[in-house]
Amino acid sequence: MTDQADQHPVTGLDDVVHQRVRLGILTIAHQARRVEFGFLRTALELTAGNLSQHLAVLEKAGLLHVEKGYEGKRPRTWLALTPTGHQALQDEVTHLKRLIHQIEQGNSAP
Amino acid sequence: MTDASAPSPGRPHEILANLGDLTRKVRIAQRGTWFPLLLFAVLTLGAILANRFTFSIRTIPCPVSHTPVGAGPSCVLTRQGMPGYWAGGLVLAYAATAFFYLRRSRSRGVGTPIRPYVLTGIAIAVLFGATAFLGTPQTPPGPTIDFWGLHLNPHAGATMLLERFTGTAASIGVPLLVLSWVERNRALLLFTLAYLALELAPINTGSWIAPSSPWSALPHLAIPAVFLLLGALGFARTQQRSQRTTS
Chain A
1 MTDQADQHPV TGLDDVVHQR VRLGILTIAH QARRVEFGFL RTALELTAGN LSQHLAVLEK
61 AGLLHVEKGY EGKRPRTWLA LTPTGHQALQ DEVTHLKRLI HQIEQGNSAP
Chain B
1001 MTDASAPSPG RPHEILANLG DLTRKVRIAQ RGTWFPLLLF AVLTLGAILA NRFTFSIRTI
1061 PCPVSHTPVG AGPSCVLTRQ GMPGYWAGGL VLAYAATAFF YLRRSRSRGV GTPIRPYVLT
1121 GIAIAVLFGA TAFLGTPQTP PGPTIDFWGL HLNPHAGATM LLERFTGTAA SIGVPLLVLS
1181 WVERNRALLL FTLAYLALEL APINTGSWIA PSSPWSALPH LAIPAVFLLL GALGFARTQQ
1241 RSQRTTS
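These protein sequence lines map, in sequence, to chains A and B.
Quick note: the first sequence, position 47, residue 47 per the working numbering, numbers continuous.
For the working numbering, count along the second sequence from 1 and bump the result up by 1000.
What the hints contain is simulated information worked out from the structure, not anything from laboratory work.
Virtual Cβ for every residue (Gly too), placed ideally from N, Cα, C.
Among these hints, one or two may not hold up.
One-sided and incomplete, this derived list gives chain B residues near chain A with beta-carbon spacing under 10 Å [to be verified]:
#, residue
1, V1026
2, S1105
3, R1106
4, R1108
5, V1110
Label-pair distances were calculated between CB atoms; the ranges are [to be verified]:
#, chain 1, residue 1, chain 2, residue 2, range
6, B, P1219, A, H86, 43 to 51 Å
7, B, G1157, A, H86, 43 to 51 Å
8, B, I1223, A, A61, 51 to 59 Å
9, A, A61, B, F1099, 43 to 51 Å
10, A, R33, B, G1046, 32 to 40 Å
11, B, R1186, A, A48, 52 to 60 Å
Counterexamples of contact, computed for chain A against chain B with all Cβ distances above 12 Å [claimed, not checked]:
#, residue
12, E59
13, G62
14, V66
15, K68
16, K73
17, T82
18, P83
19, T84
20, Q87
Using the sequences provided together with the hints, build the complete structure.
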């Protein structure tokens, strides 16, 4: 039986989360608590279509909660991380840190 | 155009550094530090007038322990300030700050972490107000000060420090410490520590403003008010510049 701590950190990376744009979305949503579609699009320098595709993936995976509404006559889409989303981001960052630690240990080994 | 489903390129520490940059971008968009500082500056400046117009001098019979040998049996009691001014003003300032941050959050498209700051501020302001109302002595000053059941020596350094801390230092300084924590704002933390040092430092103005003067509280209020005002201007300029850089 293999202990999880013995596994290489790469095996713990989640493909849904470990994608540049999606990782960015999760990070921003985590820090902002709630984030509007327009802010994400500007911060990540994406087109609306591209961003929507990534949001759909994250929503389908249960990592993101999407809330659509209006502010005056203007439609607004707000996004927030679900508890699973918070956990997934935390796991991803932990794996990345472990990976960095292993690389640095490998570099310092004789 | 890059493949939208490709995993994050780059080495792990580059990925983490990019995430750090995104986090900083969000924090800059969330900050509005200048606004509460400006409100506190205005409130403190207003207190100068409130103190001036509520100033009163009364001659009361001296407590036995206070009567100097050979002196008359009466003592002069000066009183100024309205407990309701600070409690009401602070609650209004925190409510206005909450409203300001919520509006900004909606216009900028990012949530706001302001709730712990506003709740701490209102709780301290209410406590501060209640203490001031209950603590207003109706009897002539005695040899000790009754502070929540503790009988403290009014001339002891620790008592004077405690008195200064339970004033505006706690009701403005402590919530600002909470704000610096929720905003992860190191500059605000340093500013708040300097503000607390300024509030807690003993300022002896007796040589140029007599304690019986209606303006005796002026230096104690004007110095922190100017400091808060300069802080508001400084943070407004810095935050405007950071927003221009990130957008």
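Evaluated hints:
1. Residue-level restraint check for V1026(B) holds (minimum Cβ-Cβ distance to chain A is 4 Å; threshold 10 Å).
2. For S1105(B), the suggested interface contact is upheld, since its CB lies about 8 Å from the closest CB of chain A, less than 10 Å.
3. At a threshold of 10 Å, the smallest CB-CB gap from R1106(B) to chain A is about 7 Å, leaving the interface hint in force.
4. At about 7 Å, the closest approach between the beta carbon of R1108(B) and any beta carbon in chain A falls short of 10 Å, and the interface hint on this residue holds.
5. For the restraint placing V1110(B) at the interface with chain A, the shortest Cβ-Cβ distance is roughly 4 Å, inside the 10 Å limit, so the hint holds.
6. Between P1219(B) and H86(A) the beta carbons are some 49 Å apart, a value that agrees with the proposed interval 43 to 51 Å.
7. Between G1157(B) and H86(A) the beta carbon distance is about 48 Å. The supplied range of 43 to 51 Å therefore holds.
8. The hinted window of 51 to 59 Å between I1223(B) and A61(A) holds, with their beta carbons roughly 56 Å apart.
9. Taken as a hint, the range 43 to 51 Å is violated for the pair A61(A) and F1099(B), whose Cβ atoms sit roughly 36 Å apart.
10. A hinted range of 32 to 40 Å for the beta carbons of R33(A) and G1046(B) is consistent with their spacing of about 34 Å.
11. Checked against the given bound of 52 to 60 Å, the beta carbons of R1186(B) and A48(A), roughly 36 Å apart, lie outside it.
12. Every CB of chain B is more than 12 Å from the CB of E59(A) (nearest about 16 Å), matching its label as outside the interface.
13. Interface exclusion of G62(A) from chain B stands, the closest Cβ pair being 18 Å apart, more than 12 Å.
14. Chain B leaves V66(A) outside its interface by the beta-carbon criterion, the shortest separation being 14 Å against a cut-off of 12 Å.
15. Look at K68(A): its CB is around 14 Å from the nearest CB on chain B, clear of 12 Å, so calling it non-interface holds up.
16. Against the 12 Å criterion, K73(A) stays outside the reach of chain B, whose nearest CB is about 15 Å from its own CB.
17. For T82(A), the shortest C-beta to C-beta distance to chain B comes to about 15 Å, beyond the 12 Å cut-off, and the non-interface label holds.
18. At the 12 Å boundary, the C-beta of P83(A) stays outside the reach of chain B, the nearest C-beta of that chain being 16 Å off.
19. Taking the minimum C-beta to C-beta distance to chain B, about 19 Å, the non-interface status of T84(A) holds against the 12 Å cut.
20. Distance check on Q87(A): its Cβ is at least 16 Å (rounded) from any Cβ of chain B, clearing the 12 Å threshold; non-interface status holds.
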